[in-house]
Amino acid sequence: MNETISLKESYKSMNCFSVMEVDFQHRCDLSMAVRNCKYIMNFFNYFEILYCNFDIRSIVKERLMMGFFIIIMILLMIMIVHLVDKYISPVLKILSIKLHLSEYLAGVTLLSLGNSLSDLIVNLMPIRGHAPIFTITISNALAVILLSGGMICFLRPFHINGYCAIRDLLFLLLGAEMLIYIVFSETVTTKSESIILSLLYVIFVLVMFLDHKLLQRTIQGLYKQVEKLEQLPYAPHTEEAIRRKLIKLRKLEEECKLVEDNYRSTEWTWRRSGQVALNRKFLAKISDEEQFNEKISRNALYNPENPKNMFLIEEFLRELIPIPLEWKFSGWCRRIYLIILAPMALFCAIFIPCLDYRQVKHGWSKLLNCTQIITNPVLCVALIETMIENEYTKRVPTIPFTYAKWTLCFTIPLAIAVFFMSRTDRPPPFHLMFIVLSLTASLLLLIICSTELEVLFCIIGLVFHRTEDFVAACIRSFAGAIGDVILNIDLAMEGYEKMAFAASLAAPLFSITMSMGVPCFFNVDAQEEYSHTWIYGEYGANAYVFFVLAIISTLWWTSILNFDARRSMGVYSFILFMLFFLYTTLAEWNLVHQLSGDPDFLPI
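Residues 1 to 604 in the working numbering are what the sequence shown spells out, letter by letter.
Think of the hints as simulated: they come from the structure by calculation, not from any bench. There could be a bad hint or two in this list.
Unchecked claim - Taking lysine-lysine pairs in the DSS-like style, the calculated list, with each CA pair at most 27 Å apart, reads:
hint: 1; residue 1: K251; residue 2: K213
hint: 2; residue 1: K328; residue 2: K308
hint: 3; residue 1: K213; residue 2: K98
hint: 4; residue 1: K295; residue 2: K86
hint: 5; residue 1: K191; residue 2: K213
hint: 6; residue 1: K224; residue 2: K213
To be verified - Between beta-carbon pairs, the in silico distance windows are:
hint: 7; residue 1: C333; residue 2: I166; range: 33 to 43 Å
hint: 8; residue 1: K98; residue 2: L325; range: 24 to 34 Å
hint: 9; residue 1: S553; residue 2: I70; range: 26 to 36 Å
hint: 10; residue 1: K405; residue 2: P343; range: 20 to 30 Å
hint: 11; residue 1: L432; residue 2: F329; range: 31 to 41 Å
hint: 12; residue 1: Y530; residue 2: C333; range: 44 to 54 Å
hint: 13; residue 1: M14; residue 2: P343; range: 36 to 46 Å
hint: 14; residue 1: S559; residue 2: L312; range: 52 to 62 Å
hint: 15; residue 1: F329; residue 2: R567; range: 23 to 33 Å
hint: 16; residue 1: L432; residue 2: R335; range: 26 to 36 Å
Every residue, glycine too, gets a C-beta built ideally from N, C-alpha and C.
Hey, can you work out the whole structure from these sequences and the hints?
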């Protein structure tokens with residue numbers, strides 16, 4: 001009796017990853033008995049699927065199942081790419097326009113937040129309850145800076161905002177130093193230290209807005225100076241002073257320009273900050289014709305003589321077709337990708353509204369959007385309920401509708417009202433409100449996919465007898481940076497290279513401050529004695545040294561090249577990340593010593 005009680009108590013405190021330490025025939029029973037296995041899994045209990053459903057009893061069969069898991073991971077990455085490209089990226093652009101943010105400010109706020117929010121949520125998940133989150137966070141920041149920033153420099157060389165880049169890099173260095181001080185200053189991480197670390201990002205954002213405001217005032221002051229000089233009698237020195245101030249104005253307005261969506265095919269353009277044109281004679285407001293360009297795609301098919309429900313069903317069915325028109329002009333490789341993507345694209349099209357200024361009618365589909373008013377909240381609430389309750393039935397989660405069904409009381413009347421108030425040939429004035437539904441669902445699915453990737457990476461690493469620290473430093477960091485790289489490349493190729501580069505620096509700062517401070521505040525285990533050992537991890541020093549090297553080298557090459565991003569610097573960034581990956585791999589194989597010191601033990 002006492003042995004049974006002690007065994008149950010040990011199951012409560014046992015880590016799920018210890019399942020891999022026993023023989024195959026005992027793994028099924030142990031995975032069902034250990035409470036932590038249900039706690040750390042997200043939507044599927046993979047250990048029970050492996051060793052109970054498939055009854056794996058050999059290494060060969062286990063390796064084959066790992067190949068199947070790798071295919072699932074590829075599908076999850078494709079899903080992340082689709083969510084970022086079709087839903088998250090266009091919505092962030094629209095928000096940047098509506099909030100009148102400058103290109104750089106949009107990159108360090110909205111875009112970096114969209115890139116890093118999933119990292120914050122995943123750090124709060126049970127799978128990272130005792131994970132080396134310092135190694136994960138610093139390695140992921142290193143991957144974003146080198147891979148995303150390097151890819152932008154390689155694909156779209158441009159002139160960097162010098163003082164902005166230096167300021168962001170110094171904030172990054174300060175954040176890393178604060179983090180390592182908080183981890184090692186004591187044997188525990190206190191709540192006050194977590195709050196201070198999180199406040200660094202708030203200070204960074206406040207500095208950004210203050211700097212933007214001061215820059216706008218400087219521009220207005222220069223305009224007034226130009227007007228005063230133009231009122232003076234003609235003189236060579238006066239003309240020279242006007243010329244110098246106009247050159248300075250052009251440079252400042254180039255740094256302070258707002259994101260603007262003048263619809264020209266699928267191209268994005270810009271306009272200057274302050275709603276003024278650079279004119280030597282007067283300050284001109286943006287013309288009505290220029291403002292009207294924003295509405296071209298919105299009203300492209302509008303005709304007041306058309307019926308309100310013209311082509312209602314045809315438009316609904318066309319939006320649900322998962323294969324786009326580019327199929328006809330694509331090669332065999334692209335077609336394979338579209339076929340794989342089709343089921344996921346259909347699922348997203350049913351539940352997530354698409355808002356994109358580059359599309360005709362901004363992505364509005366009357367019947368589909370009205371149904372999404374009903375289905376989108378049901379899906380989101382049900383998924384959140386599932387993640388909170390964490391109940392399984394035959395190794396798959398039980399999806400409750402306890403709260404989700406009550407959303408129908410509000411969404412069905414709202415959908416009916418929207419249906420009678422809108423047209424098929426033009427989006428309604430409140431179409432912008434669909435951003436809430438689009439962002440909520442897409443970010444929720446992005447978090448779920450990221451968490452499933454996290455669990456699968458851990459399992460595959462354990463099956464191939466790799467340490468959790470190695471998986472965290474190399475594989476997780478690369479996988480976590482994929483979404484950032486894809487979104488930033490997409491923006492850079494559309495002419496948003498400055499915004500993308502700003503996000504490549506600001507997103508790691510968010511991860512280092514908020515994504516570390518918030519989990520350490522809420523994670524009780526992080527506040528226990530000697531918690532710094534598992535927070536830092538075995539390869540934390542490797543990640544930290546290469547991270548500092550990346551920051552210093554970026555400061556070095558931007559200053560030497562007069563803040564001109566060149567392709568060679570992109571290649572340099574790729575090589576530096578490959579060196580980090582190679583060094584960590586060699587340390588895992590015990591061919592070189594990791595940069596951290598050997599553990600010290602007190603004598604018995």
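Structure-based check of each hint:
Proximity of K251 to K213 is assessed by CA-CA distance (about 16 Å); at most 27 Å being required, the pair is judged to hold. Taking the CA atoms of K328 and K308, the gap is near 32 Å; set against the 27 Å cutoff, the hint is violated. Among the hinted pairs, K213 with K98 is consistent with the structure: their alpha-carbon atoms are about 17 Å apart, no more than 27 Å. Taken as a hint, the K295 and K86 pair is honoured in the structure, with Cα atoms around 21 Å apart against an allowance of 27 Å.
At roughly 33 Å between alpha-carbon atoms, K191 and K213 are farther apart than 27 Å, so this suggested pair is violated. For the hint pairing K224 with K213, the CA-to-CA distance comes to about 17 Å; that is within 27 Å, so the pair holds. For the hinted restraint 33 to 43 Å between C333 and I166, the CB-CB distance of approximately 41 Å keeps it satisfied. Under the hint 24 to 34 Å, the C-beta atoms of K98 and L325, about 29 Å apart, fit the expected range.
For S553 paired with I70, a C-beta distance near 33 Å keeps the hint of 26 to 36 Å intact. Separated by about 26 Å at the C-beta atoms, K405 and P343 satisfy the suggested range of 20 to 30 Å. Here the CB-CB span from L432 to F329 is close to 32 Å, well matched to the stated 31 to 41 Å. For Y530 and C333, the Cβ-Cβ distance of about 51 Å falls inside the hinted range of 44 to 54 Å, so the restraint holds.
Taking 36 to 46 Å as the suggested C-beta distance range, the pair M14 and P343 conforms, at roughly 38 Å. Range check, S559 to L312: Cβ separation about 59 Å, and the 52 to 62 Å hint holds. About 29 Å separates the C-beta atoms of F329 and R567, a value consistent with the hinted range of 23 to 33 Å. Taken as a hint, the range 26 to 36 Å holds for the pair L432 and R335, whose Cβ atoms sit roughly 35 Å apart.
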